[in-house]
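J.: One-letter residues, chain by chain:
There are 2 protein chains.
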Amino acid sequence: MALDDIAALTFDVFGTVVDWRGSVIREGEAVGQRKQVTADWGRFADAWRDLYQPAMEEVRSGRQPWTRLDDLHRASLDRLLPEFGLAGLDEAERVDLNNAWHRLDPWPDVVAGLTRLKRRFILATLSNGNIRLMVDMAKRAGLPWDAILGAEATKAYKPLPQAYLGTADLLCLPPERCLMVAAHYGDLLAAQSHGFRTCYVWRRAEFGSRPKNDLPAENHGLDLVVEDFDDLADRLGCA
Amino acid sequence: MALDDIAALTFDVFGTVVDWRGSVIREGEAVGQRKQVTADWGRFADAWRDLYQPAMEEVRSGRQPWTRLDDLHRASLDRLLPEFGLAGLDEAERVDLNNAWHRLDPWPDVVAGLTRLKRRFILATLSNGNIRLMVDMAKRAGLPWDAILGAEATKAYKPLPQAYLGTADLLCLPPERCLMVAAHYGDLLAAQSHGFRTCYVWRRAEFGSRPKNDLPAENHGLDLVVEDFDDLADRLGCA
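Top line first, the protein sequences correspond to chains F and E. Using this note's numbering, the first residue of the first sequence is number 39, and each one after it goes up by one. Using this note's numbering, the first residue of the second sequence is number 39, and each one after it goes up by one.
Same shape as in the complex, but just chain F:
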């Protein structure tokens, strides 16, 4: 399928651009060391992330009014802290640990790959992360986004249609001129159902030793499947 008319790449971020699990483990370990608490920080990262979809579902369903991801993360964190020996964290410590999501490290290929892709395409986030979270992450990691779009800009959490369609609209592009880039098949299928082109990125280490979920089906109908962002830049003919 020709991809010549792609004008913008829209990126899932958690897992696709950044290693959320490794980074949250690092942040948990640091807090553990400061507080002299021993815990399984891999399990902590997984438990926090496991509350991510249910928290957003409250908002998607309308049972809870629009709430930015920072606040959803914080409510989940407050629930989890006792289980990991951190019930004693004070407000400032909780705010700081919650901001772990602003300090996620990119996968090693990301900055070089995005830099190549940026010369030819508009690069926008299409993440469920809120704008300030994405801004802080980008400044720390040097991610050269052209625009921070996605959930907060459209007031809709993926996979609601408005997250995708609203992002394309803010870019003044028909969906078929946007290439959704994600390491999660479900995200790509949702984007595709609204007319986006799709690119699956293997991020084999996203879940540590847990196997990846959300793999592409055998006859997946995706436009591209790539190893990493350098591979993507190659496939799209970027210098």
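Check before you lean on any hint, since a few could be wrong.
No more than 35 Å apart at the CA atoms, straight line, and that leaves these computed lysine-lysine pairs for DSBU-like [claimed, not checked]: (1) 73(F) <-> 156(E); (2) 193(E) <-> 250(F); (3) 177(F) <-> 73(E); (4) 193(F) <-> 250(E); (5) 193(F) <-> 177(E).
Just a few of them, taken from the derived set where beta-carbon distance is under 8 Å, the chain E residues facing chain F [unchecked claim]: (6) 185; (7) 210; (8) 214.
To be clear, the hints were calculated from the coordinates, so they are not data collected in a lab. If you're wondering where the values come from, they're calculated on a predicted model, not measured in any experiment. Ideal Cβ positions, reconstructed from N, Cα and C, are used throughout, including at glycine.
Could you slot chain E onto chain F? The hints should help.
T.: For chain E alone, coordinates are given in the frame of chain F:
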């Protein structure tokens, strides 16, 4: 007044960051040359810009539903073309000329100044220009924004309160931690009334040989008055 707690700089763009008038003149001249039409392109630029506030006022007042600036610019352009001998432009030519606003040149100090400021502060647009317009302009001119906010992100044209307050909210900052940077006193007074800190930038050539309007009053109550973005970076102690 101490400015130590400023976390984000929010920028007016047309006139403050880019030379809209000189750039629109350049674009008018180019079309005139292609079409062998002679006109006063300075008057064309001024006439187009003179329709800017009235067009936005239709939206601000609620008489017209939300309409992005590209579309307001286009309606104004269609009105003006006959007067400047360009009634014969076809649809593609009109789209291209309307995109002149995506190709505005920055003032000479801008890229270096923003690059210095970006190391210490979040840099966000707080312009009435729509997101795609700002993205195209930034890519062409190398403007290193961290986020494109302002009118389209808040669905409110300045000086409506929501343009300022909504932008601060998207940055997760109280208004007093945002410094509004503009070459227009009215914009700064509106921002200040909602708690923003304020910086006036002299852009003495904004209107060509027409005198600048929108100068600061004598006892202006602004936090900073600077010559250009290098001066601003100096005043804020950026390396």
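J.: A separate judgement is required for each hint: does it hold in the structure or not?
T.: So, going through the hints one by one against the coordinates:
Distance hint between residue 73(F) and residue 156(E) is fulfilled; the C-alpha atoms sit about 34 Å from each other, no more than 35 Å. A threshold of 35 Å between alpha carbons decides the hint, and for residue 193(E) with residue 250(F) the separation of about 39 Å lies outside it, so the pair is violated. Between the alpha carbons of residue 177(F) and residue 73(E) the distance comes to roughly 45 Å, so the proposed pair goes past 35 Å and is violated. A C-alpha spacing of about 39 Å is found between residue 193(F) and residue 250(E), which places the hinted pair above 35 Å, so the restraint is violated.
At roughly 26 Å between alpha-carbon atoms, residue 193(F) and residue 177(E) fall within 35 Å of each other, so this suggested pair holds. Against a cut-off of 8 Å between C-beta atoms, the interface hint on residue 185(E) holds, since the closest Cβ of chain F lies about 5 Å away. Taken as an interface hint, residue 210(E) checks out: its beta carbon lies about 4 Å from the nearest beta carbon of chain F, inside 8 Å. With 8 Å as the threshold, the beta carbon of residue 214(E) stays out of range of chain F, its nearest partner Cβ sitting at about 16 Å, so the hint is violated.
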